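A.B. asks: Residue numbers (my numbering), protein chains in the order written: chain L, 174 to 537; chain G, 1376 to 1653; chain P, 17 to 162; chain S, 119 to 410.
Rather than coming from a laboratory, the hints here were simulated on the basis of the structure.
The model shown is predicted, which means the values in this text are computed figures rather than measured ones.
Hints may contain errors.
[Stated by the list, open to error] Here are the computed lysine-lysine pairs in the DSBU-like style, where the Cα-Cα straight-line distance is at most 30 angstroms:
hint: 1; chain 1: L; residue 1: Lys462; chain 2: S; residue 2: Lys139
hint: 2; chain 1: G; residue 1: Lys1394; chain 2: L; residue 2: Lys243
hint: 3; chain 1: S; residue 1: Lys188; chain 2: L; residue 2: Lys462
hint: 4; chain 1: G; residue 1: Lys1592; chain 2: L; residue 2: Lys462
hint: 5; chain 1: L; residue 1: Lys243; chain 2: G; residue 2: Lys1401
hint: 6; chain 1: L; residue 1: Lys243; chain 2: P; residue 2: Lys70
hint: 7; chain 1: G; residue 1: Lys1384; chain 2: L; residue 2: Lys243
hint: 8; chain 1: G; residue 1: Lys1592; chain 2: S; residue 2: Lys188
hint: 9; chain 1: G; residue 1: Lys1394; chain 2: G; residue 2: Lys1384
hint: 10; chain 1: G; residue 1: Lys1572; chain 2: G; residue 2: Lys1592
hint: 11; chain 1: G; residue 1: Lys1401; chain 2: G; residue 2: Lys1592
hint: 12; chain 1: G; residue 1: Lys1600; chain 2: G; residue 2: Lys1488
[Claimed, not checked] Stretch-level coverage of chain L by chain G, calculated; a stretch enters the list once three of its residues show a Cβ under 8 angstroms from a Cβ in chain G:
hint: 13; stretch: 202-210
hint: 14; stretch: 221-227
hint: 15; stretch: 236-243
hint: 16; stretch: 274-282
hint: 17; stretch: 299-306
hint: 18; stretch: 446-453
Ideal Cβ placement from N, Cα and C applies to all residues, glycine included.
One-letter residues, chain by chain:
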Amino acid sequence: MVTTTRESLWGWLDNLIARYPVIAPRRVEGVPLFRRIAAADEVAWDVLRTVVSPKAWLFPDSEVILEIEKRAGDVTLSEPPSAGEQILFAIRPCDARALRSLDAMLVDHSPPDVYFARRRRQVALVGLACRQPLVDCFCTSTGGAPDDPGDMDVMLYEIDKGYLVQAVTERGTSLLSGLTAAETGHAPPAPGSRGESRRMAFQTQVSVPEPAAWPAHFDDAYWARLADRCLGCRICTYVCPTCRCFDVRDYVTGAGPGIVQIQRLRAWDACLAETYRRAAGGHDPRPLKAQRLRNRFYCKFLYVPEDFGAIGCVGCGRCIAACPVNIDLSEVLAEVAQMVARRQQEQMEVFALPQTEGKVSERM
Amino acid sequence: MTKVSNPMKPYLGTLTGVKDLASGIKLFQVVLDDATRECFDYAPGQFAFLSAFGVGEAPFGLASVPWRSEELEFAIMEVGTVTSALHRMEPGEIVGVRGPLGNCFPMDEFKGKHVVVLGGGIGGAPLRSVIQTILDRRADYGRLDILWAAREPSLLIFTDEYDEWRAAPDTALHLTVDLADGNWTGHVGLITQLLEKVSPSPENTIAIICGPPMMIKFTALTLLKLDFVPEQMIMTLEAKMKCGIGKCGRCNMGDRFVCIHGPVFTCTEVYDFLESVV
Amino acid sequence: MDTDFEPRIVGFLCNWCSYAGADMTGTSRIPYPPNIRIIRVPCSGRVNPLLVLKAFLEGADGVLVAGCHPGDCHYADGNFYAQRRYALMHRFLDYVGIEAGRLRVDWVSAAEGARFAEVVGELTHVVRTLGPWSGNRMGQDVTLPS
Amino acid sequence: MMDMTEMTEQIRVKARELLSKDEVACVIGYETGPRGIVRPFFAYEPDEADRLVWNDRCAHNLTTYLHDWKHPRGQSQMPPSVGIVVKACDARALNLLIQERQLTREWIYVIAVVCQGMRDGDGEEAPLQARCGRCAERTPVVHDVLVGEPTVTPARVDWSDVQALEVMTARERLAFWARQFDRCLRCYACRQACPGCYCYECLAEQVDPLWVGIGIDFSEKFFFHVMRAYHLAGRCVDCNECERVCPVNIPLSLLNRRIVREITELFDYTSGLSPDEPSPLTTFRPNEELTL
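Make a model of the complete structure from these sequences and hints.
C.D. replies: Here is the structure:
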């Protein structure tokens, strides 16, 4: 654990940029996004949260998964070459933690998705601890911490005279060779401790209902009321660091005499999209907006934990900030928590009064 | 060098046969390339993605059994872009095959039991592998009742094989169509009506249902009326899917994925789904 | 100007006038640039401006939409609708980065073989001067510096 | 000028009356969420009318929600009547939808509000939204009840942003749009928020023929946005919801407004002023000749 000055860190970063593609928060026409940077001074250090999560660099919004060539009755398939090693720089702990969830869904759950797995192996994460959460950040409510280095290779903490630099993994140690340290021998802060001490700074704090509590409220009228104002766009899923739904289609890219070149593309898809489940024959098991919106929340808090043993939400707050009609995940969680409490209350009353009829909710 | 396997990369196969099965429905026979043939070890109930390169791929239930032929067989109705592209293809052309995927019918558990097979339209295609398994190991299973339905006579599939099915010992084929044409002399009505007429005994019996969601729903209700319990009722579900390996997120019914937890489910499991399949 | 550049031009020609006009050009042995690929359509009113846009994105450097003279439409008024759409779209495509010169909308009757050759010649010349359209799938060099 | 609190009160009284007399199944208006953010609200019960608010953050064009009510809950019966709070720009969208036979005037109860413009950002001193600065029609063109006193604010005609693009070369403009569309996620929020976008299957999702592929590259995004702008030609009411909801700040109004201006210049037409006048691209004048 060392400290370093801003100048030294920038020098080190410029060095990294010379050796690897470095992806960092950058303002693109004023919009903070993770983009490849050409120099250390392009990094938007003050950006706590980019509009889109950095998952896009491991699981791109669209990518070629197969190059297909049809030539005179013969077909050859080839996989696109690897993008090689890259560095995600100034990634925040919530976004890094989200990659762990994507690992669970896309890699650990057999068979692995080779495209994501390969990029994941080849990426190094240089984290930047958060000092002050945004109003809608709630990582601590989902079990994260704004300064958790757990998912990083290198962790940076902003301090008054520069940065505290922690090599978290061996890969991190080797990345850090060449960094000029101002002082050495600092003890690493206990993971989460700094966040814990700042817990009060979080304006959004929610208790996330346990997965087991969700099924009982699947048919609650709440979801239809919530969906009334949902526009059915895909912002929440596309900005989300843990959403991973995709679509696959072929695209003919070129043709000549006796030869056709095809790319098989995969691109992000969203369970909010009207056509998401609509089958070729027209059958759609989820035709209502309310069903689709509900699926998003159940996926995050029931399906992903149950099927993949991972968390479906890291509390980055992006969907809250980006939703044009203020469908607020933290508010939804609070509502569900209330439903859960009400149900517990009702069940106790039912036990007390054996004659009471159970209320049957209307199925959507 | 170890072979890097990519579950999204199809095997290449050659279309060896394309046969008309019914109006707008064709049977596609595919032989995989030598190198990949042995990787493709499948069981009744499983499915695979077929690629029409340049258009895309879609999942289809395997309608064949591996011991009868090295040809993989798929019965496909022309409904969307991929199926239309497949329908335009001719023997000799190359397709991609990704699979086998999903779970299978527990054929061993059915041994010693009577089996009622209920197939509706093109949805009945995966049941052909069940029927062939039972016919080829006839002594292992009890009585076989095949209830085979279609909207109209021209949509009945595997008509060429009815004689084989009928000729098998202790096997009965019951056909029905929703709408008869002039030449139809058989039963007219929904498969549920046929089922009530045939009225199989639930005693030591397994019922297997494949078909469109509405048919599955009402057939299951009729079976309940006939005193079947959900544990005795097996079904395969279909859903739009893009990966078949639990990644693309598209085919979930609540927390169950049709692609990895299915496509074969017991009725008990389906009733436990958070979401309705219809 | 790239001297080796041969413009790729897509022509949407109405079946009743302009396609016959192009035929007339051929049977009258009037030479015209071979850069045009002709697509026969029922009416200029059928040519959704998005087809024009799609042609550009798929690699065309220029597009010709030609139909019957106003008043002569086989379907009475298809070209009047086309006229309104293209009056708008012509300017709009220029605004989004497809130079106005790359799109020509004109009326060519079945008798105007010479005129068809003239229209194609002029369009080809203009597009040749403008150079390849760089926004298409083939070029992909659209990320120019600001 | 009427006080916003008083306007809120008038909206609540009207909504409560409509709901208690069962004249409408629902009143679509605005409420303030727990974070203090104004958002669309659907009042079904008379008591819920008290959650309705009116202030200078009621930006959403609520008419887009009427599409959900055309086929209520997937059934084929006649839709129930709906009350809706509209601003001047939203009211023009209503006319558009009536003109296009998307809804009948009779089943909409229009609570029209005289609007002084919506503001962006936090605080009292937040600036007026750009579109509101340009707006000349503060009084809605359709109403069953009018809240507030009719006013006309002189419009600040300002095409400077469009003109800044027009002075560029076409190649520079292409580069400009390439830079803007580079950020596009294809989340389709612009389409979803738009009252004029209501196709059952959007061209962007149609697979046969395939107009827009799933690849997130320039040509797909370029086609989508130009297509959307063109499909709104003569229909766009310049409510600017598309630009407001865009999560990556793509200046979509530069596309729409350029077309709005062309439509005015070519056909002397303003969309949504009347429920009867046909859109200029669905009609023509006999023997007209336009510059092509």
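A.B. asks: Please go over all the hints and tell whether each is borne out by the structure.
C.D. replies: Tested hints:
1. Lys462/L - Lys139/S: 29 angstroms, holds
2. Lys1394/G - Lys243/L: 24 angstroms, holds
3. Lys188/S - Lys462/L: 14 angstroms, holds
4. Lys1592/G - Lys462/L: 23 angstroms, holds
5. Lys243/L - Lys1401/G: 24 angstroms, holds
6. Lys243/L - Lys70/P: 24 angstroms, holds
7. Lys1384/G - Lys243/L: Holds, at about 15 angstroms.
8. Lys1592/G - Lys188/S: Measuring from Cα to Cα gives roughly 29 angstroms; hence the hint holds.
9. Lys1394/G - Lys1384/G: Status holds; Cα separation ~27 angstroms.
10. Lys1572/G - Lys1592/G: Holds. Lys1572/G to Lys1592/G sits at ~18 angstroms (cutoff 30 angstroms).
11. Lys1401/G - Lys1592/G: Holds. Lys1401/G to Lys1592/G sits at ~26 angstroms (cutoff 30 angstroms).
12. Lys1600/G - Lys1488/G: 20 angstroms, holds
13. 202-210: Since 0 is below three, the answer is violated.
14. 221-227: violated (count 0)
15. 236-243: holds (count 4)
16. 274-282: Held - the stretch 274-282 of chain L has 3 residues with a Cβ nearer than 8 angstroms to chain G, which meets the minimum of three.
17. 299-306: This one is violated; 0 residues, fewer than the three required, reach chain G with a Cβ under 8 angstroms.
18. 446-453: holds (count 5)
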